[in-house]
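Using the sequences plus the hints, can you model the full thing?
There are 2 protein chains.
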Amino acid sequence: MRKTQMKLGLSMRYLGYHDAAWRHPEVPPGGATDFKYFLNSARIAERGKFDMVFFADGIGIRADDNPPGSLARSNRNAELEPLTLLSALAASTSHIGLVSTASTTYNEPFHIARKFASLDNISGGRAGWNIVTSWSEQEAWNFSRDAHLDYDTRYDRAKEFVDVVTGLWDSWEADAFVHDKASGQFYDPAKLHVLNHRGKHFSVRGPLNAPPTPQGRPILVQAGAAEQGQEIAAANADVVYAAQVDLAGAKAYYAGLKARMAKYGRAPDLLKVMPAVTTIVGRTRAEAQAKFDQLQELIDPLVGLASLFNAFGDLSGHPLDGPVPEPVNAKVRSIAYNMWNLAQRENLTIRQFYQKKSAGSGGLLLKGTAEDVADVMEQWIDEEAADGFNLTPTHLPHGAEDFVELVVPELRRRGRFRSEYESTTLRGNLGLPEYVNRHTAGRQRTALASD
Amino acid sequence: MRKTQMKLGLSMRYLGYHDAAWRHPEVPPGGATDFKYFLNSARIAERGKFDMVFFADGIGIRADDNPPGSLARSNRNAELEPLTLLSALAASTSHIGLVSTASTTYNEPFHIARKFASLDNISGGRAGWNIVTSWSEQEAWNFSRDAHLDYDTRYDRAKEFVDVVTGLWDSWEADAFVHDKASGQFYDPAKLHVLNHRGKHFSVRGPLNAPPTPQGRPILVQAGAAEQGQEIAAANADVVYAAQVDLAGAKAYYAGLKARMAKYGRAPDLLKVMPAVTTIVGRTRAEAQAKFDQLQELIDPLVGLASLFNAFGDLSGHPLDGPVPEPVNAKVRSIAYNMWNLAQRENLTIRQFYQKKSAGSGGLLLKGTAEDVADVMEQWIDEEAADGFNLTPTHLPHGAEDFVELVVPELRRRGRFRSEYESTTLRGNLGLPEYVNRHTAGRQRTALASD
Numbered sequence: 001m002r003k004t005q006m007k008l009g010l011s012m013r014y015l016g017y018h019d020a021a022w023r024h025p026e027v028p029p030g031g032a033t034d035f036k037y038f039l040n041s042a043r044i045a046e047r048g049k050f051d052m053v054f055f056a057d058g059i060g061i062r063a064d065d066n067p068p069g070s071l072a073r074s075n076r077n078a079e080l081e082p083l084t085l086l087s088a089l090a091a092s093t094s095h096i097g098l099v100s101t102a103s104t105t106y107n108e109p110f111h112i113a114r115k116f117a118s119l120d121n122i123s124g125g126r127a128g129w130n131i132v133t134s135w136s137e138q139e140a141w142n143f144s145r146d147a148h149l150d151y152d153t154r155y156d157r158a159k160e161f162v163d164v165v166t167g168l169w170d171s172w173e174a175d176a177f178v179h180d181k182a183s184g185q186f187y188d189p190a191k192l193h194v195l196n197h198r199g200k201h202f203s204v205r206g207p208l209n210a211p212p213t214p215q216g217r218p219i220l221v222q223a224g225a226a227e228q229g230q231e232i233a234a235a236n237a238d239v240v241y242a243a244q245v246d247l248a249g250a251k252a253y254y255a256g257l258k259a260r261m262a263k264y265g266r267a268p269d270l271l272k273v274m275p276a277v278t279t280i281v282g283r284t285r286a287e288a289q290a291k292f293d294q295l296q297e298l299i300d301p302l303v304g305l306a307s308l309f310n311a312f313g314d315l316s317g318h319p320l321d322g323p324v325p326e327p328v329n330a331k332v333r334s335i336a337y338n339m340w341n342l343a344q345r346e347n348l349t350i351r352q353f354y355q356k357k358s359a360g361s362g363g364l365l366l367k368g369t370a371e372d373v374a375d376v377m378e379q380w381i382d383e384e385a386a387d388g389f390n391l392t393p394t395h396l397p398h399g400a401e402d403f404v405e406l407v408v409p410e411l412r413r414r415g416r417f418r419s420e421y422e423s424t425t426l427r428g429n430l431g432l433p434e435y436v437n438r439h440t441a442g443r444q445r446t447a448l449a450s451d
Numbered sequence: 001m002r003k004t005q006m007k008l009g010l011s012m013r014y015l016g017y018h019d020a021a022w023r024h025p026e027v028p029p030g031g032a033t034d035f036k037y038f039l040n041s042a043r044i045a046e047r048g049k050f051d052m053v054f055f056a057d058g059i060g061i062r063a064d065d066n067p068p069g070s071l072a073r074s075n076r077n078a079e080l081e082p083l084t085l086l087s088a089l090a091a092s093t094s095h096i097g098l099v100s101t102a103s104t105t106y107n108e109p110f111h112i113a114r115k116f117a118s119l120d121n122i123s124g125g126r127a128g129w130n131i132v133t134s135w136s137e138q139e140a141w142n143f144s145r146d147a148h149l150d151y152d153t154r155y156d157r158a159k160e161f162v163d164v165v166t167g168l169w170d171s172w173e174a175d176a177f178v179h180d181k182a183s184g185q186f187y188d189p190a191k192l193h194v195l196n197h198r199g200k201h202f203s204v205r206g207p208l209n210a211p212p213t214p215q216g217r218p219i220l221v222q223a224g225a226a227e228q229g230q231e232i233a234a235a236n237a238d239v240v241y242a243a244q245v246d247l248a249g250a251k252a253y254y255a256g257l258k259a260r261m262a263k264y265g266r267a268p269d270l271l272k273v274m275p276a277v278t279t280i281v282g283r284t285r286a287e288a289q290a291k292f293d294q295l296q297e298l299i300d301p302l303v304g305l306a307s308l309f310n311a312f313g314d315l316s317g318h319p320l321d322g323p324v325p326e327p328v329n330a331k332v333r334s335i336a337y338n339m340w341n342l343a344q345r346e347n348l349t350i351r352q353f354y355q356k357k358s359a360g361s362g363g364l365l366l367k368g369t370a371e372d373v374a375d376v377m378e379q380w381i382d383e384e385a386a387d388g389f390n391l392t393p394t395h396l397p398h399g400a401e402d403f404v405e406l407v408v409p410e411l412r413r414r415g416r417f418r419s420e421y422e423s424t425t426l427r428g429n430l431g432l433p434e435y436v437n438r439h440t441a442g443r444q445r446t447a448l449a450s451d
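Chains as they are written, first to last, in UniProt numbering: chain A, 1 to 451; chain B, 1 to 451.
Just so you know, these hints were derived from the structure itself, not from any lab. It is possible that part of the hints are untrue.
One copy or two, either will do: identical chains are not told apart, so a pair holds if it fits within one copy or between any two.
As the list claims (entries may be wrong) - In silico lysine-lysine, PhoX-like type, Cα no more than 25 angstroms apart, as pairs:
1. K356 with K36
2. K181 with K356
3. K181 with K36
4. K291 with K258
5. K291 with K181
6. K357 with K181
Structure representation (structure tokens):
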């Protein structure tokens, strides 16, 4: 059995992952648009020696007000844009990794390559890009499209997008800039590489007008369990942000993903699988339960019913404390029936059902003392279900604060988490090997072969 | 005659605007990719109470190595991306405005609206967007196009782009977010406005997923003297970044631009015209001249000849200290002949000619004591050739330092520049009125009419 330390990330979006986060008495409801709010949480995570902060993102907001009145009762609308926010955080933190989602569907690879390279330089080697495809019509409508791209086109585009971005990041070798004031030579032209990419979705000449970065290149993160996404992860990713709810499923996912890496010539250790976990921690189990109950009671019924709308239609005419009716208006019938079966199995009322959905990020939910939480996390590491976790707190900054004050010391006592950063780069802290520019590597291989 | 204070901006790109900036003994040659280098210069400008720092930008680098060997001797290639850089600067400065170029040709309006809104929030109301169109094939090639868009299409797209961005910025009225924890109401739906833009170049539904900003909306800057650009400026801009080299031309440009504003119902004072100025300042004229000579002698002949290539072809076979030959290979013959006529008139050698071109940003060049420089700046303000200036220093940080230490005190003695910031927002420091969301304004007009 391994005795491995885990990696930890703090996911931040809006005010936390609980649907009622903004109504918590101690949460500043305008926090999602306030730089200082995120700076405070990032510093808490850095104090706890987390590997990274992580921002999910979307480039559109929910358009349908179903049930009527629910939209204006949700706090998931206005927020700061993550790349500007992470750049500002870079200037005010020193060690923590800075990871953001950017969609491959409604962006251009040149912009994305350039911005993350810039963030990696500004932060001294702490940038990471979470590769996603956009899936919602709300996003398509903001980018001159009437409908979103179909699944295959999105992933085909995403794969090529990643190839272009990583190709652009290798434009300049690490020692390309000689800066010889006496001779007037600024760079060595043999170490500048023009990409000349011509593909199905993109034609990008390059080179990138950004310098080599402290990490060699930014860290690549992939989120989501879709088949094509897993291939992109196996081929490229340094970190996978997973959403697994039980040990057996997480182990299967972990094993499957790592097994896919062989065909890309990659060792399993090069990819860190980090499932999402929402923790509600107290000094006693009763205290944790009380914290949880307080939030659950604050869920607005309309917001709760909105989270069920796609699968069950408008349930506002049904008694909240009565049974969950069979799904008849589901957009995706299989998901709707899976949800309904769960509700039947656990004999949940409508209120209990939406409370369950609204409590976290859709991943693992752990509630109890620091020991309770550490027990499960340790087990997931030991049984190869995870290499670490992305904390998706119910509400910020408290969810992060509780974890850093209560759970982190317990993980350290068990030898499961660092007391000091090993490196100033995210790559170094993740324990990943140095990245060598493909052209430098090619030259080294050629030199070796001719020896 | 007016006795008006001037506005001041500091333009920063690469290591300054002199072609030999990177070879100056005191300039760190890797500065353009180093956040701390720009932070230092931004803080110098903030100490001098400048209105703003300003970043030009391009999304591609020169592709042709003409004359051969010149490309790798220029420092204009790798740099930090300005929006990430300005966001990092926002966290480390307190009053200075943060303005960046972003192209309307190879961007999407939703991204641009969102990023500048985010920067405005992060900085507490100090963001500005410099609206440009891209013009080079090098940029087109990085965005899946074989050739750049023609002039009319670029400006037509730019106009619609600005309409979409400003429309998105008005998505949420200033008091839209009620944050009523007790009732569960997060925002007032009457104060959220869906754009539903459908135009020739873009379809953008909105609303923007970014909050109202401290300035109401970011400051709009327009650069460039092209006919269509001036219309965009007259209709929308708060600041124009001009490049005028003589008083008569600057006065005509100033008057013409302000006259265009009437048809958009805008008062002339709502637009600040700020020509570029490169200053070389010494405690004596001899000291200034010595500083200038030092840089001029550092211009690499190949870099100098590269700056003449488009108009004159490869001059590397001609003696540098001989006359400038008639342009025969010019891409744009009228510009080439204008240049040639100037060289003939001033009887310039090839070396003297490229030294003239390489010395600054192409705008006004002032050399001498603080009094000399202040005299000209004052005259331009008094004769309505400018409302202020964008400093384009030969090299950073020294060009900015000299100006702040020598010229700024002289301008203050003359009552021409502030000693303290009037406001914490760029809009406030520029002396512009508060921006009122169009929907709020519409409601106020309706209420007034029904009184």
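When no copy is named, should K181 and K36 be tagged within, between, both, or neither for a Cα gap of at most 25 angstroms?
between (42 angstroms within a copy, 21 angstroms between copies)
Homo-oligomer pair classification [K181, K291; C-alpha up to 25 angstroms]
between (63 angstroms within a copy, 17 angstroms between copies)
For K291 vs K258, is the C-alpha pair at or below 25 angstroms within one copy, between two copies, both, or neither?
Neither: 37 angstroms inside a copy, 61 angstroms across copies.
25 angstroms Cα cut-off: does K356 pair with K36 within a copy, between copies, both or neither?
neither (31 angstroms within a copy, 47 angstroms between copies)
Regarding K181 and K356, is the shortest C-alpha distance of 25 angstroms or less found within a copy, between copies, in both, or in neither?
between (65 angstroms within a copy, 21 angstroms between copies)
Alpha-carbon proximity context of K357 and K181, limit 25 angstroms
Answer is between: at 21 angstroms across copies they meet the 25 angstroms cutoff, but 62 angstroms inside does not.
This entry does not satisfy hints 1, 4, going by the numbered hints stated previously.
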